[in-house]
Amino acid sequence: MKYPYFPGCTLYTKAKKLDDAGRECSLKLGFELDELKDWTCCGATFPLVNDQHITMSGPTRILADTKDQGNDKLVTLCSVCFNVLKRTNNVMLNDEERRAKITDFIERDYHGEVEVLHYLQLLRDEIGFDVLKEKVVKPLEGLKVACYYGCLLLRPVKEIGLDTMEDPSIFEDFIRALGGEPIEFPYKVECCGAFQAVHSMDTATRCSRDILRSAKNSGADVVITTCPLCQFNLDDRQPEIQKSDPGFSSIPVVYFTQLLALALDLPAEELGFERNLIDPLPILKEKGVIA
Amino acid sequence: MKTVISRSQVKGDFVSKVAEISGENFFNCYQCGNCSAGCPSVDEMDLLPSQVVRYLQLGLEEEVKSCKSMWVCASCMMCHARCPKGVDISKIMEALRVLRLREVGAEGHIDVTDFSDDYLARAPQIAMISGYRKFLPL
Amino acid sequence: MGELIELTGLKDGEPVTCVAVFGDHADFESVPVDRRVMVIGGGITGITSAVDLGNAGYQVMLVDRLPSIGGRMLQLSETFPTLDCAQCTLTPRTVESGQHPNVLLKTSCEVEGLKGEPGDFTVSIRQKITYVDWNKCTGCGTCIQKCPSQSIALFERDAGRMTAIYTLSPQAVPNKPVIDAERCRYLTLGKCGVCAKSCPVEAIDYEQQESFFEVRVGAIIVSTGFDIYDWKNKMPEYGGGNIPDVIDGLTFERYLSASGPTAGAMIRPSDGKLVKDIVFIQCVGSRNPEFHKAYCSRVCCMYTAKHARLYKHGVHDGQVYIFYIDIRSTGKGYEQFIQQSVSEEEILYIRGRVAKLHRDGDKVMVQGADTLTGKKIEIAADMVVLAAAMVPNDGAKELADILGINYNDDGFFIEDNYKLASVETGQQGIYLAGCCQGIKDIADSAAQGSAASSKAMVLLSSVRRQKQEAV
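Residue numbers (the numbering used here), protein chains in the order written: chain P, 1 to 291; chain F, 292 to 429; chain G, 430 to 900.
Keep in mind the hints are simulated off the structure, nothing from the lab.
Heads up, some of the hints might be wrong.
To give an idea of the chain F side of the interface with chain P (calculated C-beta under 7 angstroms), a few residues [to be verified]:
| id | residue |
| --- | --- |
| 1 | A365 |
| 2 | K425 |
| 3 | L427 |
Within a straight-line C-alpha distance of at most 20 angstroms, the following computed DMTMM-like cross-link-like pairs (lysine to aspartate or glutamate) qualify [as the list claims (entries may be wrong)]:
| id | chain 1 | residue 1 | chain 2 | residue 2 |
| --- | --- | --- | --- | --- |
| 4 | G | K804 | F | E354 |
| 5 | F | K308 | P | D202 |
| 6 | P | K243 | F | E354 |
| 7 | G | K792 | P | D210 |
| 8 | P | K16 | F | D409 |
| 9 | G | K804 | P | D202 |
| 10 | P | K216 | G | D789 |
Built from N, CA and C at the ideal position, the CB exists for glycine as well.
Bound conformation, chain P alone (with noise of 0.2 angstroms):
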């Protein structure tokens, strides 16, 4: 079986980690990610404002370019994209009258027939979580896993439609899947701060401070995210953290997919930890979860 793949920037680069284990992952879940051809990048934004259309002009033509291609759906990974190629979509397919005015800039046709999947949402509803548990080699048996959603994921719940907006739990559904142990704690559908950690670096160290003080007095070895933006504030906001709250200690913060490898005995020195801040490795040793 194979699924339309947008992977996005990021996950080119500096989350390559990311987009990796995602696609080894695929394989040994008997799926393969098929990457579309030609991507462009989705611009990272959907346009709050209603007279702003050019920024929906990318994410439509990513969206027409995998129509064209032959598919229905379109899978990706990063949050962001997936938020912002979602929210897109479901512009082309209620709002006439802005869709007529994109797609005829960009001289496209397309009515919105592309259906946008997280990776997490295919493994949830396509493969499922039973089944995902079957395949685990190795379970991620006691490690605590604080299941980070962040906002891009989930909201505007009416539009995105994966999970509910105070208590999901696809996310933790998804690590007891993988044989680890879901932790609850208070902080996992707040903001990180997102763009603001190129230009209000205050606001993006309080959030991230707040949510990992919250993760880790929950109990949590680990937090996992789905987005490589939350992934950046929360891990490399951390010495700064510590510089105003000594008493911080800090946490490792992973993708999900790096987990989702580790449980299906890809080997870890593959993984690109090295790349974390916070080195993951030394929890992940000390509960077993690798050797």
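We have chain P; now place chains F and G onto it with these hints.
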């Protein structure tokens, strides 16, 4: 501290434009403050999200235009996700940013030279792209 | 006036009928009218209706699905704006209706069907299994004392413990116990039988079957009351019921009650420590058209102020914070009550909603806002009390369908005319009273109970009746 308001101010061009391009009706808001209570960026804001809406209701254009809050909003949509009246403040904040940027230009809100090489080497592309899209006129 | 044919006691099971004398207008007709009334729901509203009708000489059957009457008010501690003891106010009325020669209580009963027409209805009733023969039972309470099965108490809003054979409260009317089959060891495991052994009059009947009966009445008053919005399942942002020190207002009534699970002590459910910082949140699920209930629940402003004062009476150095949006205190003396709470009891009102509650150590972290100063507020509380929305009682819609009356999207029964006929329904002979029609406080509920009873009397003593199709 006296502020005079009038019909022309309440229905002023600027606030009408904010309403138009955000698609939000400020008068749906009854000022319960739920958005402010849950907003992650409040520490860096000068007006609470609910106050931004209140200033718009009153038509206080200058105060709204000069507020810092719109610039530190992270578009996380938590305000909208919990608003009992369904007001999407992330759209209102974006409308304010967009109109401001169109009016006076980028004003140095974002500058790549502010960041160290090491920071840029690690920051993901989506951070830079979305940052530039949020803080440059479009 | 109509000729009174015969009046025999309802308790003897004989019909009581009068013949109405009728005018000559074409829309009116002459029919015999049954002068008995059924009141469905034995809270303060239904009790008021029943006693009024009884005092006026009408015979009343007061039906309640619970084992005893008294309804929600019996769960309350003290009542605003006078801070009277709720049970002290209510108990004389429950006793009066229990002993009234014209009022027959039918508890543990549910209405199953309705036939006939205004003035001559036949109502089918299901008598639920109580496992106790109430004809034999003397209400001595020995069985309750001996029962070894302890579980969470319904009456105490999950806060206290109760036995499997129980009465809802020590002042229950009728004061006769029932067995909760799901908790009873004999009925679940086949072992025990302690209550049967200890009963001096052999009233315990494990083999008891459900029974059905019909009753003929001329009019029906519906007063099925309210329940608390299911915030535990619908509001995960407030902990979804998983934070033990976050409770709703009705549960807090039990904590405030001298007869409640803590004997009135202000202690945390989680660990029994004294509550020193207490947060109240108003409009929980109310005034929220996007996700919950659009309406204002109308009594929360007042009972929250009452809660705060009663808490302060127990813990003088405790700090109270009340998150509110607007204060609605429109009853007689209500505004003064609020003002007093603020100035004399130094209760801190904070104008804003709370976005989220979460547990941090042994505290509940409250993330709120004060829109007056423009600050985001965080409070580490020992206990949080939610003024959760009030909703029509469970089963109200099913009852409305049986009775042929209408309800709105929120499930409240629809009156004939909100301003001028607020206790009448589109169905002549069926009247509404209390919270089933719309949220109201005790004073308004009792007033509406009296109004409904007088409307029923108008029909049953009327010289003519508007022509009706049979229901």
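For each hint given before, does the structure comply? Return the numbers of the non-compliant ones in rising order.
3, 5 and 6
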